[in-house]
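2 protein chains.
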Amino acid sequence: MSDPQALLARLTHLLGSERVLTAESETQAYLTDWRGRYRGSALAVVRPGSVEEVSAVVQACAAAGVPIVPQGGNTGLCGGATPLADGRSILVSLSRLNRIRATDADNNTLVAEAGCTLAAVQQAAEGIGRLFPLSLAAEGSCEIGGNLSTNAGGVHVLRYGNMRELTLGLEVVLPDGRVWDGLRGLRKDNTGYDLKQLFIGAEGTLGIITAAVLKLYPQPRSRSVAWLAVRDPQAAVELLGRLRACAGERLSAFELVGRSALELVLQHIPNARLPLPAAPEWSVLVELSDPHADAGLDSLLTSFLESALESGLLLDATLAGSLAQRAELWALRENISEAQKIEGFSIKHDISVPVSRIPGFLAEAGRALRAAWPGVRIVAFGHLGDGNLHYNLSRPAAEDNDAFIARTSEVNRIVHDLVDAAGGSISAEHGIGQLKRGELQRYKSGVELDLMRSIKAAVDPRGLMNPGKIL
Amino acid sequence: MSDPQALLARLTHLLGSERVLTAESETQAYLTDWRGRYRGSALAVVRPGSVEEVSAVVQACAAAGVPIVPQGGNTGLCGGATPLADGRSILVSLSRLNRIRATDADNNTLVAEAGCTLAAVQQAAEGIGRLFPLSLAAEGSCEIGGNLSTNAGGVHVLRYGNMRELTLGLEVVLPDGRVWDGLRGLRKDNTGYDLKQLFIGAEGTLGIITAAVLKLYPQPRSRSVAWLAVRDPQAAVELLGRLRACAGERLSAFELVGRSALELVLQHIPNARLPLPAAPEWSVLVELSDPHADAGLDSLLTSFLESALESGLLLDATLAGSLAQRAELWALRENISEAQKIEGFSIKHDISVPVSRIPGFLAEAGRALRAAWPGVRIVAFGHLGDGNLHYNLSRPAAEDNDAFIARTSEVNRIVHDLVDAAGGSISAEHGIGQLKRGELQRYKSGVELDLMRSIKAAVDPRGLMNPGKIL
Numbered sequence: 001m002s003d004p005q006a007l008l009a010r011l012t013h014l015l016g017s018e019r020v021l022t023a024e025s026e027t028q029a030y031l032t033d034w035r036g037r038y039r040g041s042a043l044a045v046v047r048p049g050s051v052e053e054v055s056a057v058v059q060a061c062a063a064a065g066v067p068i069v070p071q072g073g074n075t076g077l078c079g080g081a082t083p084l085a086d087g088r089s090i091l092v093s094l095s096r097l098n099r100i101r102a103t104d105a106d107n108n109t110l111v112a113e114a115g116c117t118l119a120a121v122q123q124a125a126e127g128i129g130r131l132f133p134l135s136l137a138a139e140g141s142c143e144i145g146g147n148l149s150t151n152a153g154g155v156h157v158l159r160y161g162n163m164r165e166l167t168l169g170l171e172v173v174l175p176d177g178r179v180w181d182g183l184r185g186l187r188k189d190n191t192g193y194d195l196k197q198l199f200i201g202a203e204g205t206l207g208i209i210t211a212a213v214l215k216l217y218p219q220p221r222s223r224s225v226a227w228l229a230v231r232d233p234q235a236a237v238e239l240l241g242r243l244r245a246c247a248g249e250r251l252s253a254f255e256l257v258g259r260s261a262l263e264l265v266l267q268h269i270p271n272a273r274l275p276l277p278a279a280p281e282w283s284v285l286v287e288l289s290d291p292h293a294d295a296g297l298d299s300l301l302t303s304f305l306e307s308a309l310e311s312g313l314l315l316d317a318t319l320a321g322s323l324a325q326r327a328e329l330w331a332l333r334e335n336i337s338e339a340q341k342i343e344g345f346s347i348k349h350d351i352s353v354p355v356s357r358i359p360g361f362l363a364e365a366g367r368a369l370r371a372a373w374p375g376v377r378i379v380a381f382g383h384l385g386d387g388n389l390h391y392n393l394s395r396p397a398a399e400d401n402d403a404f405i406a407r408t409s410e411v412n413r414i415v416h417d418l419v420d421a422a423g424g425s426i427s428a429e430h431g432i433g434q435l436k437r438g439e440l441q442r443y444k445s446g447v448e449l450d451l452m453r454s455i456k457a458a459v460d461p462r463g464l465m466n467p468g469k470i471l
Numbered sequence: 001m002s003d004p005q006a007l008l009a010r011l012t013h014l015l016g017s018e019r020v021l022t023a024e025s026e027t028q029a030y031l032t033d034w035r036g037r038y039r040g041s042a043l044a045v046v047r048p049g050s051v052e053e054v055s056a057v058v059q060a061c062a063a064a065g066v067p068i069v070p071q072g073g074n075t076g077l078c079g080g081a082t083p084l085a086d087g088r089s090i091l092v093s094l095s096r097l098n099r100i101r102a103t104d105a106d107n108n109t110l111v112a113e114a115g116c117t118l119a120a121v122q123q124a125a126e127g128i129g130r131l132f133p134l135s136l137a138a139e140g141s142c143e144i145g146g147n148l149s150t151n152a153g154g155v156h157v158l159r160y161g162n163m164r165e166l167t168l169g170l171e172v173v174l175p176d177g178r179v180w181d182g183l184r185g186l187r188k189d190n191t192g193y194d195l196k197q198l199f200i201g202a203e204g205t206l207g208i209i210t211a212a213v214l215k216l217y218p219q220p221r222s223r224s225v226a227w228l229a230v231r232d233p234q235a236a237v238e239l240l241g242r243l244r245a246c247a248g249e250r251l252s253a254f255e256l257v258g259r260s261a262l263e264l265v266l267q268h269i270p271n272a273r274l275p276l277p278a279a280p281e282w283s284v285l286v287e288l289s290d291p292h293a294d295a296g297l298d299s300l301l302t303s304f305l306e307s308a309l310e311s312g313l314l315l316d317a318t319l320a321g322s323l324a325q326r327a328e329l330w331a332l333r334e335n336i337s338e339a340q341k342i343e344g345f346s347i348k349h350d351i352s353v354p355v356s357r358i359p360g361f362l363a364e365a366g367r368a369l370r371a372a373w374p375g376v377r378i379v380a381f382g383h384l385g386d387g388n389l390h391y392n393l394s395r396p397a398a399e400d401n402d403a404f405i406a407r408t409s410e411v412n413r414i415v416h417d418l419v420d421a422a423g424g425s426i427s428a429e430h431g432i433g434q435l436k437r438g439e440l441q442r443y444k445s446g447v448e449l450d451l452m453r454s455i456k457a458a459v460d461p462r463g464l465m466n467p468g469k470i471l
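Same order as they appear, the protein sequences are chains L and U. 1 is the number of the first residue of the first sequence in UniProt numbering; add one for each residue after it. 1 is the number of the first residue of the second sequence in UniProt numbering; add one for each residue after it.
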């Protein structure tokens, strides 16, 4: 590596001194992940404002042999955007690339730069009478570049897909600083390898995404939301199949909530209210939506629930009768993470298995964990429609919990081994980052790791892009 | 390369002599594409029956340094599955890998081997009360491996996506014979690079797909089909936007048909009948479908069409009143290719542009072609909902047409330059194969071609997989 001071001078020449941050007071917020689990170090934090500037920064870093860590809204959960502690890299913040470059209602697309917040993209879509359906808790501060780099999911994946399915084209600054303009707004394009797929979900290890063509949908104009008490997870899976068979794509959320998760919300979140006479062992939040203003969703859902009650799969249900009730039901689901944070630390897993294997996984994992730690508290909830569960564990008593947390890797082993045996994923929607690199090595086949390393070596032969992440 | 006879002996040892074809009478059907435009040659055609046999064949070929050409149902349109004429390669037919390995109604997936016909996959889905939505003219003989390798499209892409979007996992034999087992049936899995995306649409140049996990949907139980006469393509685009805004994902086809296309069908196809009093300059075939048996689609479509008539976008429309009428309307659209074949040779283009740019493209291309060849016949039709047109050109008189056909590259230049200027694709759904290699070099940027070559070199460093295709 050449002289770091020379690189900093070069970057200052390119961007101006106010865009090259080195003082700890200025860099601190970029060098720590928002949960405070990772603390990194960097030669500088730079804030380019255009794809040309990003390209120039990457060229300068490449010439100096200095690693680059791209960062968006810094809301990731796996330390993927936090540099390593060695202080050798340049952190490139994309937040100033925050223009909506174009909207096209007839093509149902918009072009957003990487630093647009998810909320800004949702608003731009709304501005032309369309929906951008990605929705997740951090949407006010997470940025599209990060959503792309982690292939973000959320509550509406069962209807609209992940970020990958919502993306038609990309613009990417490659590890040598060249710009790949793949900003095509096409639904059908079979002209060779689909390169955008490489960069989506690559967590910045293959290049820096600077802009994307995103898919839009009609805005929903009617909605119906219900809270269901179900016999058990198997009943939830059966209800999901039946509801899809009559509601089709109108089914826009199907969220499973275990009793401990619901109880934490009722305990810690002001104004949270039990929607049924007693807290069910397993609940499901269902949402139907339709672009037609007069789609008859309430009556469709009511008649479905009536027949499900008769069949015994469903124990009880309440349909939201007003906008306020709908918001109340959704708040029960959306506040689970917050309630858990208030309750204290827990060992979290973001896993997926085939939908058909959710009931078996829950039964086996529960048995294994209770055998190892009698009285363990299992907080399970998530996107049943996608086979994706947040499966979090703690001890009810604080004094026991510290000892339990110290055994995280034993807990992970039990949970992840069962996920693996069920053909599942140890990271359904949060990615790998620094957090799960070791687990990735354990659960991916040698062939798959080899293929991933070949791709990395082909696109980033000098290994300068976001080192120490994923691989 | 080592002795070809030694390789043939090795392959015969692995598969048995009846699975290693060398007699011209036996190999001929594999060595010519079905339209008879490409004629290749090969050391042998081999017919393995399992992934283990495919792996052994590839290992043997790799050891001998002999190129491999994978082939499915041999229904491709670009010569992608026809070997080069040099006779150096082994053609690997996947047709004997034709098992449905598993079905999972609760997970909405099935696992099909590469040699299953598309029709067999559709039937397997139906057998568990589900829909596999990919549908195209060759479905009785095309095979899933080919559909995957060309990222097949068809008439329902606007609702369900291309083959890529219908695929959750793959099993692939790599160029060195190792098997990558990526047969995961997960909607959410963010554990590193999404390797399956590399092989989908790669036309066999990176490995041999041997099996896939495919996504299933609820079966439609109601349908409504109408034939529309629209003012012009711009009116069709506006109607598409309005119809989506009220019908949402129920809109399962939106096909534009120009007058010459309709007239060819009326002229050449027995029992084809004009659905409206006069042949419109531009028609649209619309289909709505819904899993609910009692979805009120006819009344939704009728009231939509009434208001569109009032606004002047729509000139006339007829709604199919019976199953037979629905089939008649669909036959008008589906028989266009057949009618063209009967009429004679034409210069075909399978192109896409953003939906919003379809009207402008049609106007400009029409002007440019008519200026160069007064009286040129333009047969334009296709999947307007995806921005994908089949744009085919001929001279009405046979004697003029031969001279016109001889100028194919001039015609391509006019059409493809306008497609490129509109941000479009020169191959929307048929792929590149041998047919469009030259055009790909012309229209892809140097950066994109470099990236594609790096990927090819990383995954297939010896260049043994399907040489002379795409790159």
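I should point out that these hints are in silico values taken from the structure, not numbers from a laboratory. Model, not experiment: these values are computed from the prediction. Watch out, some of these pointers could steer you wrong.
When chains are identical, the list treats them as one kind, so a pair holds in a single copy or across two.
[As the list claims (entries may be wrong)] Subject to a maximum C-alpha distance of 25 Å in a straight line, what follows is the list of computed DMTMM-like cross-link-like pairs (lysine to aspartate or glutamate):
#, residue 1, residue 2
1, LYS444, ASP194
2, LYS456, ASP181
3, LYS456, ASP176
4, LYS444, ASP104
Evaluated hints:
In this assembly of identical chains, LYS444 and ASP194 lie within 25 Å of each other by CA distance both inside one copy and across copies; the values are 23 Å within and 12 Å between. In this assembly of identical chains, the alpha carbons of LYS456 and ASP181 lie at most 25 Å apart whether taken from the same copy (20 Å) or from different copies (20 Å). Taking CA atoms no more than 25 Å apart as the test, LYS456 paired with ASP176 passes in both settings, with 13 Å inside one copy and 19 Å between copies. Within a single copy, LYS444 and ASP104 get their C-alpha atoms only as close as 41 Å, which misses the 25 Å cut-off; across copies the closest is 24 Å, which meets it.
Violated hints for the displayed structure: none, as all numbered hints are satisfied.
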